[in-house]
Amino acid sequence: MNEFLTQYAFLIVPIVKIAILVFIVLTVDAYLTWIERKVIAHIQARWGPHRVGPHGLLQPLADGVKFIFKEDPMPAGVDKVAYFLAPFITLMLALTSLAVIPFGPQRFTVFGYQTGIGIADVNISLLVLFAITALSVYGVALAGWASNSKYSLLGGLRSSAQMISYELALTLSVVGVLLIAGDFSLREIVDHQGSAHGLLSWNIFPQIIGFLCFFIAAIAETNRVPFDLPEAESELVAGFHTEYASMKFAMFFIAEYTSMITVSCLATIMFFGGWLSPFPASWTFTHYLPSVLLIPFGLWVIFDGIRYENLFGRMVLPVVGAVLTLIGVGLVLFPPVNDAIQGIFWFLAKVFTFLFVYVWMRGTLPRFRYDQLMSFGWKFLLPVSIANVILTSAVILWRMH
Amino acid sequence: MVPTSYYLLLSAILFGLGIVAFVFKRNIITIFMSIELMLNAVNLAFVAFSQALHKPDGEVFVLFVIIVAAAEAAVGLGIIILTARNRRSLNVESVNLLKL
Amino acid sequence: MSAELVIFFVLAVIAVLGAVSLIIQRHPIHSALSLIVVMVALAGLYLLMGAEFVAAVQIIVYGGAIMVLFIFVIMLLNAGEEERTNFSKLALYAGIPMAVAVTGLIAAALVNSTRATSLPAAGAAGTLTSTRTLSNLLFTDFVYPFELTSFLILVAILGAIVLAQREN
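Chains as they are written, first to last, in my numbering: chain A, 109 to 509; chain B, 376 to 475; chain C, 348 to 515.
One chain only, chain A, in its complex shape:
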């Protein structure tokens, strides 16, 4: 048994990692919808989901069950191949793009197979991500066309034209980071940002224009507010996914949130130091920050749970709070575990900050009109990205002398 595992470790270890990652990402997707509804609700001075489970925490579960049991009609006159293929392509590409993202710095050996945290460690991980972004236009275009409906076709064409336009600005805004790091590999880009000076050595300071262009272009790529005209409910019914119901719509939905997560991971890796802590490496007392955050939070959940309004909440919330507190205490008591999770903790903290900014923008900003959107992409964002590339290369050349 051991021999079999050692011989085929190069297949089995990635498969196990893929299974774990897909499970984690789908759960985070589901709870991202919960966070989005809660945050937007609180921005709009109302409560979000509140009844399904304590604080609405079981709402994603209810949504999932609804998606499974809803009828899945197929309109007449659709092109069957393209109709079935479109959500499949979109979801497959969104999930595949997570394979090349490195989540932490550690390298470990399992059954004689050396690997890191992250499924695949390729030399050109950034180019692979752009290739996947380029291909995801097809999901939208085919979905719009195959639905045999005017609204879907228009929405699909508009949405794919928007994605192609902003793809150029997205790719060019990253070239500055590439010039600084000198390599396409995402792990190399993070390592290049170093940790001696903490926050000050991150790429955000030399590349602030690049970061702003990247983030705006990425929001347009993922079809989120303020660039979500093609799929807004009050505009073109629901745009390219009008004629999709239940499971196929759930696939589009999951693909959108997964690409949000991918873009947030990319932004943290390229501009915010990935898994590096913002404090200089010599301040080792900051290693206790996870515990300092977890223990009070766990105690607050216990305190809030004891006084919750219904019985189910009074039973579940204190348990959840106790588990969080115990994890926090355990991190203090076992330093090796604490050191191991430092990288992942900072990575996740930054990714969640970006996801919060995404949701915040959805609750606050109105959407662009389509012609404003296209002229912004071509006439402002693309020239600014090109200017960023020229400026960065000029500064690098000047520094070399």
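No lab work stands behind these hints: they were computed from the structure. You may find that some hints are simply not true.
[To be verified] Distance ranges between label pairs, derived from CB positions:
1) A:Ser483 - C:Thr474: 29 to 37 angstroms
2) C:Ser368 - A:Phe112: 35 to 43 angstroms
3) B:Leu457 - C:Leu501: 16 to 24 angstroms
4) A:Gln214 - C:Val353: 53 to 61 angstroms
5) B:Thr458 - C:Val357: 57 to 65 angstroms
6) C:Val367 - A:Leu119: 27 to 35 angstroms
Cβ coordinates follow ideal geometry from the N, Cα and C atoms, glycine included.
Following the hints, put chains B and C in place on chain A, whose structure we already have.
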């Protein structure tokens, strides 16, 4: 270890299939796509030779072929749109004004 | 039967099936989708040969831009299925053997070239062409074609805009 001749055989087969599609199809856009298929087959041959000779020159040429194909696709599709608007059909036999 | 050979055969079969599907399909959108499958398979073959940058550029430019252009045009022109007409018997019975003959000729010429002179039968396994090497070449030995192609793209953009204008 994949012998170079295998890659070249695949390239020739794809080129032949591109020729068959070019000759037998009647939709202008499909004919144009078969040209792209032939260009891809040639790209494969370029990269195969580049790997065999350990020189990256072949790959640089592949980049140029891709760029030229992009320019050609843009202009060609513009012409196709105009022709289709004029002739009201995408059949290549409808462009027959110069026929005797 | 090494892993490389297995991957090569899988990708080669996918590419050939995609090309055959391009010919067989009646609706141009399905032909376009088959062509995309061929291009992705070819990108996989480029990766197998160690040309990682070319593989990425193939997917980004060819698969992500040129084919999207094709699909937009097919959708905008509302291309329908090809009509079934009576195939000329001459075309069917003389054309396909002739196509096979032309393919055989090209294949024989290419495969023979690997046996002649100093061309090695197979490239070294596991060699990766770095992007740095390619970019060095592009800006030193090939700078003239590089500038020419950028000019060519500018001309193509202008041409496409002029062609697509409506007549006022």
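Checked hints:
For the hinted restraint 29 to 37 angstroms between Ser483 of chain A and Thr474 of chain C, the CB-CB distance of approximately 46 angstroms leaves it violated. One distance hint, 35 to 43 angstroms for the beta-carbon pair Ser368 of chain C and Phe112 of chain A, holds here, with the actual separation near 39 angstroms. Between Leu457 of chain B and Leu501 of chain C, the C-beta spacing of about 21 angstroms keeps the proposed range 16 to 24 angstroms intact. The hinted range of 53 to 61 angstroms is not satisfied by Gln214 of chain A and Val353 of chain C, whose Cβ atoms lie roughly 32 angstroms apart.
Range check, Thr458 of chain B to Val357 of chain C: about 40 angstroms between beta-carbon atoms, so the 57 to 65 angstroms window is missed. For the pair Val367 of chain C and Leu119 of chain A, the beta carbons lie near 31 angstroms from each other, so the given range of 27 to 35 angstroms is met.
Violated hints, in rising order: 1, 4, 5; the structure is consistent with all others.
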